[in-house]
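As given, the protein sequences belong to chains A and B, one line each in that order. Quick note: the first sequence, position 214, residue 213 per numbering that gives the first Met the number 0, numbers continuous. Quick note: the second sequence, position 378, residue 377 per numbering that gives the first Met the number 0, numbers continuous.
No lab work stands behind these hints: they were computed from the structure. Since we're looking at a predicted model, the values are computed, not measured. No residue lacks a Cβ here, since even glycine has one placed at the ideal position from N, Cα and C. A couple of the hints might just be wrong.
[Unchecked claim] Within a straight-line C-alpha distance of at most 30 Å, the following computed DSS-like cross-link-like pairs (lysine-lysine) qualify:
no. : chain 1 : residue 1 : chain 2 : residue 2
1   : B       : 297       : B       : 8
2   : B       : 192       : B       : 17
3   : A       : 305       : B       : 8
4   : B       : 67        : A       : 305
5   : B       : 282       : B       : 294
6   : B       : 297       : A       : 42
7   : B       : 67        : B       : 297
8   : B       : 8         : B       : 67
9   : B       : 297       : A       : 305
10  : B       : 154       : B       : 8
11  : A       : 47        : B       : 82
12  : B       : 297       : A       : 303
13  : B       : 154       : B       : 294
14  : B       : 17        : B       : 433
15  : B       : 52        : B       : 17
16  : A       : 303       : B       : 420
17  : B       : 82        : B       : 67
18  : B       : 420       : A       : 47
19  : A       : 303       : B       : 294
20  : B       : 294       : B       : 431
21  : A       : 305       : B       : 216
22  : B       : 82        : A       : 305
23  : B       : 251       : A       : 303
24  : A       : 303       : B       : 232
25  : B       : 326       : B       : 192
26  : B       : 232       : B       : 126
27  : A       : 305       : B       : 251
28  : B       : 67        : B       : 420
29  : B       : 82        : B       : 51
30  : B       : 51        : B       : 154
31  : A       : 305       : B       : 232
32  : B       : 67        : A       : 303
33  : B       : 232       : B       : 67
[As the list claims (entries may be wrong)] Cβ pair distances, simulated, as ranges:
no. : chain 1 : residue 1 : chain 2 : residue 2 : range
34  : A       : 225       : B       : 209       : 55 to 61 Å
35  : A       : 5         : B       : 8         : 49 to 55 Å
36  : B       : 253       : A       : 46        : 51 to 57 Å
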Amino acid sequence: MWTVVACLVPPLVLSVFVFGIRTLIITAVSVASCVAMEAISQKAMGRKVTVSDGSAVITGMLLAFVIPPGVSYWLPILGAVMAIYIGKHLLGGIGYNIFNPALLARAFLLATFPVAMTSAWLPPLHNTAIFSTLGTAVDAVSTATPLAVLKTQGAAALAAQFGTAPNIYTTFFLGWRPGAIGETSGLLILLGGLYLMYRRYITWHIPVSVLGTIALLSWIFGGPTHFTGDPLLAILSGGAMLGAFFMANDYVTSPTVRTSQLIYGIGVGAITVLIRLKGGYPEGICYAILLMNPVSPVLDRLLKPKRFAPPLGGAK
Amino acid sequence: MSALLTFPKGGVHPPEAKGQTAGLAIEVMPVPDELEIILGQHIGAPCTPLVKKGDTVAEGDLIGEVTKGLGSPIHASSAGTVKQLGVSAHPMRVSAPSITIQTDRQAPPRRYERTDWSGLGREELLKKIQAAGIIGVGGAGFPTHAKLSPPPDSKIDTLILNGAECEPYITADHRQMLEHPAEIVEGARIIMKVLGVSTCFIGIEANKPDAIAAMEKAAAAGGGGQVQVRAMKVKYPQGSEKQLIQTLTGRKVPGFALPSAVGVVVHNVSTTKAIYDAVVLGKPLYEKVVTIAGKGIKRPANLLVKVGTRVRDIVDYLGGVTPELAKIVYGGPMMGFAASSLDIPVTKTTSSVLFLAGEEIDTRPHSQCIRCGWCIEACPMGLEPKEIAIYVEAGRAQETAQFGVFECFECGCCSYVCPAKRPLVQLVRLAKMKAKR
Ligand code: SF4
Ligand code: SF4
Chain A
0 MWTVVACLVP
10 PLVLSVFVFG
20 IRTLIITAVS
30 VASCVAMEAI
40 SQKAMGRKVT
50 VSDGSAVITG
60 MLLAFVIPPG
70 VSYWLPILGA
80 VMAIYIGKHL
90 LGGIGYNIFN
100 PALLARAFLL
110 ATFPVAMTSA
120 WLPPLHNTAI
130 FSTLGTAVDA
140 VSTATPLAVL
150 KTQGAAALAA
160 QFGTAPNIYT
170 TFFLGWRPGA
180 IGETSGLLIL
190 LGGLYLMYRR
200 YITWHIPVSV
210 LGTIALLSWI
220 FGGPTHFTGD
230 PLLAILSGGA
240 MLGAFFMAND
250 YVTSPTVRTS
260 QLIYGIGVGA
270 ITVLIRLKGG
280 YPEGICYAIL
290 LMNPVSPVLD
300 RLLKPKRFAP
310 PLGGAK
Chain B
0 MSALLTFPKG
10 GVHPPEAKGQ
20 TAGLAIEVMP
30 VPDELEIILG
40 QHIGAPCTPL
50 VKKGDTVAEG
60 DLIGEVTKGL
70 GSPIHASSAG
80 TVKQLGVSAH
90 PMRVSAPSIT
100 IQTDRQAPPR
110 RYERTDWSGL
120 GREELLKKIQ
130 AAGIIGVGGA
140 GFPTHAKLSP
150 PPDSKIDTLI
160 LNGAECEPYI
170 TADHRQMLEH
180 PAEIVEGARI
190 IMKVLGVSTC
200 FIGIEANKPD
210 AIAAMEKAAA
220 AGGGGQVQVR
230 AMKVKYPQGS
240 EKQLIQTLTG
250 RKVPGFALPS
260 AVGVVVHNVS
270 TTKAIYDAVV
280 LGKPLYEKVV
290 TIAGKGIKRP
300 ANLLVKVGTR
310 VRDIVDYLGG
320 VTPELAKIVY
330 GGPMMGFAAS
340 SLDIPVTKTT
350 SSVLFLAGEE
360 IDTRPHSQCI
370 RCGWCIEACP
380 MGLEPKEIAI
390 YVEAGRAQET
400 AQFGVFECFE
410 CGCCSYVCPA
420 KRPLVQLVRL
430 AKMKAKR
């Protein structure tokens, strides 16, 4: 578990340089509340307190990673209650929770604080004035995320604000764009994900099927006419990378059988693109994963590995 | 060479670690002062001793006979005097009745002459094999004559010789194939005559090209056109009976059934060599090639030792252990058993004793299942080890039959790949003990 935490540190460090030190504070608040909430929930339910396993720390970091950097400092506390108490301990219990806790909390915050969650974006800093965004009145400088621009104003506006290909790819890949705290740098997320694969904590099946589906469907349906969408931009913007490597892959809420992992990933990717193009929100991976979460045990059951050769006559 | 054969589902690639001993010729270890011969070397009831304290025995004398059920006789591995009838430590069971022989090191080794077996019929051949005390030396130790007498309703058409030797470190079969290929092929011909089959495959993993070449040559010379060598991909557990049969014939042995159900009989190459010894030379099985390897032993070797030789004597002969020694394993690192004592004697089924240094074993602590699915992917039997393990830990081991626990043959692939280092084989073993068939 602590390996995953380590893989989440580089994007966090980067966010400090992109959005200012406030991202660190938000993450710290989120992690602290998640750990506290985990301990409180476990105590209250008379279970063994297992905060030292690091899983609440991961939830805390991921929760902070999916909220905008300009929100008030107390918002993650609310998110933590939702993520840990409701998402993790009430809906299934540790190791058996149905939904990804961090995403459940994000969905909840989005519904209850829609303004903060959809407008507290910060533009990337162009100097190292990382303390300039420390105050609370940062909403004034809020900006729009690339996906929101693309959705409401179109591709021309996107190019005007963020540049054209291939510069826009580099900028986005490195993470110098508005977005949620931990989702901006495709590069660092990719490196973290590759390391987890190298250590065999995760496999390629979910990230590849999620990103592949997003890229393919965005290419087909994302442009003004069919087959003119920009697949690379689609996976580099929004939370696609973070979602594919660290959210959809969550051990507890994703399938374990390889074939079901592929189907699950394709489902996540397809719903993401559907929401992005047709739904009410600019980004859809959060809901896509939440929608696929409850399907994973079903997939696992349907696609159980084939037994070598069960006994004849069906006897067990 | 065309694409190498292998089995389709699961399997792992542990470091082969065979380099230490693969190039070392089989070396005859001098007879130690004392031998402890366990009376139950095989699956089935232990033998009844035929000797008493103080008796003198000659090399190859019958000293234990089967009196009830399935079994296999025991012979004196060396000339000497019976010192006592007692109990020995055993690598897998806690202890077992045994005969200790004070060896007579002056006695010349017994000589065996080649005889012609071509005139012998099926029954006579079987009798010779049974009398020589031959059991499956590569694994569980199933009495060979029983394996060669399949149920009358099964139609056997193929003999498979198992030369996969897929466990890391072990090179005993490899050396047998290199040094005694003609004997193995002749042994195969004997088995084929007993079974009445005209097809024999010798399956060898591709990491032993020299053994493949040697066996191919011997098969061409003495196989009568009926013995074929098949190179197989290096993948553990390629040498597991069911996986081997599937690889070479495409047939799947159903759960709880024997290979004879799909018309196949499998014998290890070293067992086949023992059958040759028994039938052609009239020599009972009382010697064994054992690989001694690992960074924890001064001098790794492939040793031909007398059955009953204590591991302690082997260690002394090879110059002792090194300071790095961290763990002693009887058998291979995947399926073997950790040993607590050096006083365990070699049995007919001992293929290796490994002296592993700290760097050769995985000592990371285990943690909770992270549901990564590796164990499911690795299990060659298509089981879900993680699920079985969770049930066992939750105290619901009795309910695990639904997951097919009894099809598990404890290959250890699941434990090997688990990034959380969960003791999956141990948990599945426990499930097997508690679940109802
Ligand atoms: S469950 Fe049994 S058969 Fe499957 S990998 Fe584990 S030990 Fe091997
Ligand atoms: S390999 Fe280990 S951690 Fe992964 S699913 Fe199996 S038991 Fe769980």
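Status of the hints after comparison with the structure:
1. B:297 to B:8: This hinted pair is violated, its Cα atoms lying about 39 Å apart.
2. B:192 to B:17: Distance ~34 Å between residue 192 of chain B and residue 17 of chain B Cα, so the pair is violated.
3. A:305 to B:8: Since the Cα atoms of residue 305 of chain A and residue 8 of chain B sit roughly 9 Å apart, the hinted pair holds (cutoff 30 Å).
4. B:67 to A:305: violated (41 Å)
5. B:282 to B:294: violated (35 Å)
6. B:297 to A:42: The given pair, whose Cα atoms are some 54 Å apart, is violated under the 30 Å limit.
7. B:67 to B:297: violated (43 Å)
8. B:8 to B:67: violated (40 Å)
9. B:297 to A:305: violated (46 Å)
10. B:154 to B:8: Satisfied, since the Cα-Cα distance of roughly 27 Å is no more than 30 Å.
11. A:47 to B:82: violated (58 Å)
12. B:297 to A:303: Violated - the C-alpha atoms of residue 303 of chain A and residue 297 of chain B are around 48 Å apart, more than 30 Å.
13. B:154 to B:294: Violated - the C-alpha atoms of residue 294 of chain B and residue 154 of chain B are around 47 Å apart, more than 30 Å.
14. B:17 to B:433: Roughly 37 Å between the alpha carbons, so the hint for residue 17 of chain B and residue 433 of chain B is violated.
15. B:52 to B:17: Violated - the C-alpha atoms of residue 17 of chain B and residue 52 of chain B are around 42 Å apart, more than 30 Å.
16. A:303 to B:420: Holds: residue 303 of chain A and residue 420 of chain B sit about 23 Å apart, inside 30 Å.
17. B:82 to B:67: holds (25 Å)
18. B:420 to A:47: holds (22 Å)
19. A:303 to B:294: Since the Cα atoms of residue 303 of chain A and residue 294 of chain B sit roughly 41 Å apart, the hinted pair is violated (cutoff 30 Å).
20. B:294 to B:431: violated (34 Å)
21. A:305 to B:216: Status violated; Cα separation ~39 Å.
22. B:82 to A:305: Judged against 30 Å, a Cα distance of about 55 Å means the pair is violated.
23. B:251 to A:303: holds (19 Å)
24. A:303 to B:232: holds (26 Å)
25. B:326 to B:192: This hinted pair is violated, its Cα atoms lying about 44 Å apart.
26. B:232 to B:126: violated (37 Å)
27. A:305 to B:251: OK: residue 305 of chain A and residue 251 of chain B at ~13 Å, within 30 Å.
28. B:67 to B:420: violated (43 Å)
29. B:82 to B:51: It holds: about 9 Å lies between the C-alpha atoms, which stays within 30 Å.
30. B:51 to B:154: Violated, at roughly 45 Å.
31. A:305 to B:232: holds (22 Å)
32. B:67 to A:303: violated (44 Å)
33. B:232 to B:67: violated (42 Å)
34. A:225 to B:209: 55 to 61 Å: holds (60 Å)
35. A:5 to B:8: 49 to 55 Å: violated (34 Å)
36. B:253 to A:46: 51 to 57 Å: Because 43 Å falls outside the window, the suggested range is violated.
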